[in-house]
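Got chain A; can you put chains B and C on it based on the hints?
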Amino acid sequence: MNHSNLIIYIFEMIGTVAFASSGALVGIRKNMDIFGVNVLGITTAVGGGCIRDIILGITPPKMFQNFSYVGASILISCILFTIFYLNQELLSSRFLETYERVMISLDAIGLGVFTVMGIRTAIEASFENNIFLLIFVGAVTGIGGGMLRDVMAGMTPFVFVKHVYAIASILGAVCYIILRLYIRDTISLFLGAAVVLIIRLLAAHFRWNLPRIRQK
Amino acid sequence: MNHSNLIIYIFEMIGTVAFASSGALVGIRKNMDIFGVNVLGITTAVGGGCIRDIILGITPPKMFQNFSYVGASILISCILFTIFYLNQELLSSRFLETYERVMISLDAIGLGVFTVMGIRTAIEASFENNIFLLIFVGAVTGIGGGMLRDVMAGMTPFVFVKHVYAIASILGAVCYIILRLYIRDTISLFLGAAVVLIIRLLAAHFRWNLPRIRQK
Amino acid sequence: MNHSNLIIYIFEMIGTVAFASSGALVGIRKNMDIFGVNVLGITTAVGGGCIRDIILGITPPKMFQNFSYVGASILISCILFTIFYLNQELLSSRFLETYERVMISLDAIGLGVFTVMGIRTAIEASFENNIFLLIFVGAVTGIGGGMLRDVMAGMTPFVFVKHVYAIASILGAVCYIILRLYIRDTISLFLGAAVVLIIRLLAAHFRWNLPRIRQK
Chain A
1 MNHSNLIIYI FEMIGTVAFA SSGALVGIRK NMDIFGVNVL GITTAVGGGC IRDIILGITP
61 PKMFQNFSYV GASILISCIL FTIFYLNQEL LSSRFLETYE RVMISLDAIG LGVFTVMGIR
121 TAIEASFENN IFLLIFVGAV TGIGGGMLRD VMAGMTPFVF VKHVYAIASI LGAVCYIILR
181 LYIRDTISLF LGAAVVLIIR LLAAHFRWNL PRIRQK
Chain B
1 MNHSNLIIYI FEMIGTVAFA SSGALVGIRK NMDIFGVNVL GITTAVGGGC IRDIILGITP
61 PKMFQNFSYV GASILISCIL FTIFYLNQEL LSSRFLETYE RVMISLDAIG LGVFTVMGIR
121 TAIEASFENN IFLLIFVGAV TGIGGGMLRD VMAGMTPFVF VKHVYAIASI LGAVCYIILR
181 LYIRDTISLF LGAAVVLIIR LLAAHFRWNL PRIRQK
Chain C
1 MNHSNLIIYI FEMIGTVAFA SSGALVGIRK NMDIFGVNVL GITTAVGGGC IRDIILGITP
61 PKMFQNFSYV GASILISCIL FTIFYLNQEL LSSRFLETYE RVMISLDAIG LGVFTVMGIR
121 TAIEASFENN IFLLIFVGAV TGIGGGMLRD VMAGMTPFVF VKHVYAIASI LGAVCYIILR
181 LYIRDTISLF LGAAVVLIIR LLAAHFRWNL PRIRQK
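Chains as they are written, first to last, in full-length UniProt numbering: chain A, 1 to 216; chain B, 1 to 216; chain C, 1 to 216.
These are calculated hints, taken from the structure and not from any lab test.
One or more hints might be untrue.
[To be verified] With beta-carbon atoms standing in for the labels, derived distance ranges:
#1 C/I83 to A/E97: 47 to 55 Å
#2 C/I187 to A/L191: 15 to 23 Å
#3 A/N87 to B/K62: 48 to 56 Å
#4 B/L86 to A/E128: 37 to 45 Å
#5 C/L75 to B/E89: 37 to 45 Å
#6 B/P211 to C/I187: 29 to 37 Å
#7 C/F67 to B/A194: 42 to 50 Å
#8 C/Y99 to A/M155: 31 to 39 Å
#9 B/P211 to A/E128: 47 to 55 Å
#10 C/I131 to A/F95: 34 to 42 Å
#11 A/L201 to B/K62: 32 to 40 Å
#12 A/S105 to C/S105: 44 to 52 Å
#13 C/I131 to B/P211: 29 to 37 Å
[To be verified] Residues from chain C that keep clear of chain B, each with C-beta distances beyond 10 Å, as calculated:
#14 M32
#15 A72
#16 L75
#17 R94
#18 Y99
#19 S105
#20 V164
#21 I167
#22 D185
#23 A204
#24 F206
Fair warning: this is a prediction, and the values are worked out from it, not measured in the lab.
For each residue, glycine too, the CB sits at the ideal point set by N, CA and C.
Excised from the complex, chain A in its bound form (with noise of 0.2 Å):
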């Protein structure tokens, strides 16, 4: 493992505890069981990745063939479970909203990390020329897993009502697909990320909203 990928790994491993933090969270709320809080933990991390290696014909899909992935993912949501169950009170106080501060900081890093190597992974596979399929698998591996976590938990998925989301994954996908025709892969693979990271910030601090039709 050389220099830049050690450093997408890392970032990788931000992104899949950020991931899977909001994935659990949203089960411990939902009074789930410490298996169901473990499955949406899991899938909110990997789903989006899965997705992509099905439409890409990549089977088993990838996160087969990294246990690292998963093992964090239960490692995290297990840690949450527990702080939640020891200390139940935290759920009403202060200590979650600073939490989920945090959090929308790890989650904007794994969103654009997530998205770019969703785009590397399929220009590996050799679709490269298809533009349209490289920004799509580029957004559904960095938005797919929080919309099956939502769907799994009956709600309306947060990324279709709540602050600009997944136009930032998809600007960012952009960004990567043109900058690599003329930079250096790894270069534009953390510019690209980067974009999705500040757009997501500035769209949350500012509390940026798409247009939407208010009904009476």
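Then chains B and C, alone, in the frame of chain A:
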């Protein structure tokens, strides 16, 4: 593109626009932002074919080989969003009622065309001798998008509870599969689609429903 | 078909009937029409195996190679629909209670058989050395149909909230995978299924539940 292929393409586009419209309208009513409205529009239009391709092992799915279906879905979703954004009173007006009546006819055309084209796709992928598979992928291509739309919007799938919808698709599928053994493929294709269309319109007009157990 | 294959087939059919029944009953209670009841019955019975096959890249899924599973699901769904259609008072009676008690046992047999058969399918597709994949597809084959049923019916998946269900499947999967390294495959298959069955029945009888965080 020869004559009958052009006619098929025109009918496919009519179906795509009708399906995308029904998805976009659900998104607008569920108060989703413009991104969510587009996702629901695209999903409804191409979701059924996507499930079919994954079942048949056609990867990446055909929606990635010809952008015009997704492009048309995005276009109609954005047009509808803009119309209702600028004229919110339309949402509770006569206009919507008329619009939906027109849509039922277009939707029925889509259901018919998608059903038979789904079967043709499976035949081209050399599954000609598996009758059950042919009927299944025909129906999935026809009704799968609408089912995904409803699940994503948090509703009980329409197809489970109202009017003879899936049955029309299945009966047309059976007609096409039988007819093509005796007459030219293209003619049986149109006849199969016509059967779906006619049954569906009759069912909508006379409010035919399948039996159901009303609980006191 | 030799002796042990016949026994496996019989157990698979018991599981299919039990799973299809549970799906059909959910549809009946959700006031779906006879088509919806059939879709839920079929989905619950063969949905888990279908997800497994897509993950393993077995296309088209095995449900299309042997119609008897889908056929049995349609048969039992129609029978149940007819019974409750003709005798609506049964829906609120003692009969249903007894029926569901019988179903829990049949369902446990199905869970056991489907879990180990899912693993065997993956082994036959030469994924023998990927332990995590084996456990995953075993559990997905066992519980996937029920999860699809609940999502399609708009409910929080049962498996997330009640009794030790998925855990039974996972423990039996682990037993089968370990045992088959030491004793004959068919014997370990039955022992693995038996472990699932016993844990599941004990859990249902003693109302074992996994820990969960009760929110005030």
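Hints versus structure:
Under the hint 47 to 55 Å, the C-beta atoms of C/I83 and A/E97, about 53 Å apart, fit the expected range. For the hinted restraint 15 to 23 Å between C/I187 and A/L191, the CB-CB distance of approximately 58 Å leaves it violated. A beta carbon spacing of about 52 Å between A/N87 and B/K62 agrees with the range 48 to 56 Å that was offered as a hint. The hinted window of 37 to 45 Å between B/L86 and A/E128 holds, with their beta carbons roughly 40 Å apart.
A hinted range of 37 to 45 Å for the beta carbons of C/L75 and B/E89 is inconsistent with their spacing of about 52 Å. As the Cβ distance of B/P211 to C/I187 is approximately 47 Å, the hint placing it in 29 to 37 Å is violated. Under the hint 42 to 50 Å, the C-beta atoms of C/F67 and B/A194, about 28 Å apart, miss the expected range. Against the hinted window of 31 to 39 Å, the Cβ-Cβ separation of C/Y99 and A/M155 comes to about 33 Å, which satisfies the hint.
Under the hint 47 to 55 Å, the C-beta atoms of B/P211 and A/E128, about 53 Å apart, fit the expected range. Our hint of 34 to 42 Å for C/I131 and A/F95 holds, since their Cβ atoms are close to 37 Å apart. For A/L201 and B/K62, the hinted distance range of 32 to 40 Å is satisfied, since their beta carbons lie about 37 Å from each other. The hinted window of 44 to 52 Å between A/S105 and C/S105 holds, with their beta carbons roughly 50 Å apart.
With their beta carbons about 48 Å apart, C/I131 and B/P211 fall outside the hinted range of 29 to 37 Å. Listed as a non-interface residue, C/M32 fails to keep its Cβ farther than 10 Å from every Cβ of chain B; the least gap is roughly 5 Å. The Cβ of C/A72 lies farther than 10 Å from every Cβ of chain B, with a closest approach of about 13 Å, so its non-interface assignment holds. Once the 10 Å rule is applied to beta carbons, C/L75 is consistent with being away from chain B; the minimum gap is 14 Å.
The Cβ of C/R94 lies farther than 10 Å from every Cβ of chain B, with a closest approach of about 17 Å, so its non-interface assignment holds. Residue placement check: C/Y99 keeps its beta carbon more than 10 Å from all beta carbons of chain B (closest about 15 Å). With a least beta-carbon separation of about 25 Å from chain B, C/S105 lies farther than 10 Å from that chain, consistent with its non-interface assignment. C/V164, annotated as away from the interface, keeps every beta carbon of chain B farther than 10 Å; the closest lies near 28 Å.
Against the 10 Å criterion, C/I167 stays outside the reach of chain B, whose nearest CB is about 27 Å from its own CB. The claim that C/D185 is not at the interface with chain B holds, since no C-beta of that chain comes within 10 Å of its own (minimum 28 Å). Every beta carbon of chain B lies more than 10 Å from that of C/A204, the smallest distance being close to 26 Å; the non-interface claim holds. Under the 10 Å C-beta cut-off, the non-interface status given to C/F206 relative to chain B holds; the minimum distance is some 32 Å.
Checked against the numbered hints listed earlier, the structure breaks hints 2, 5, 6, 7, 13 and 14; every other hint is satisfied.
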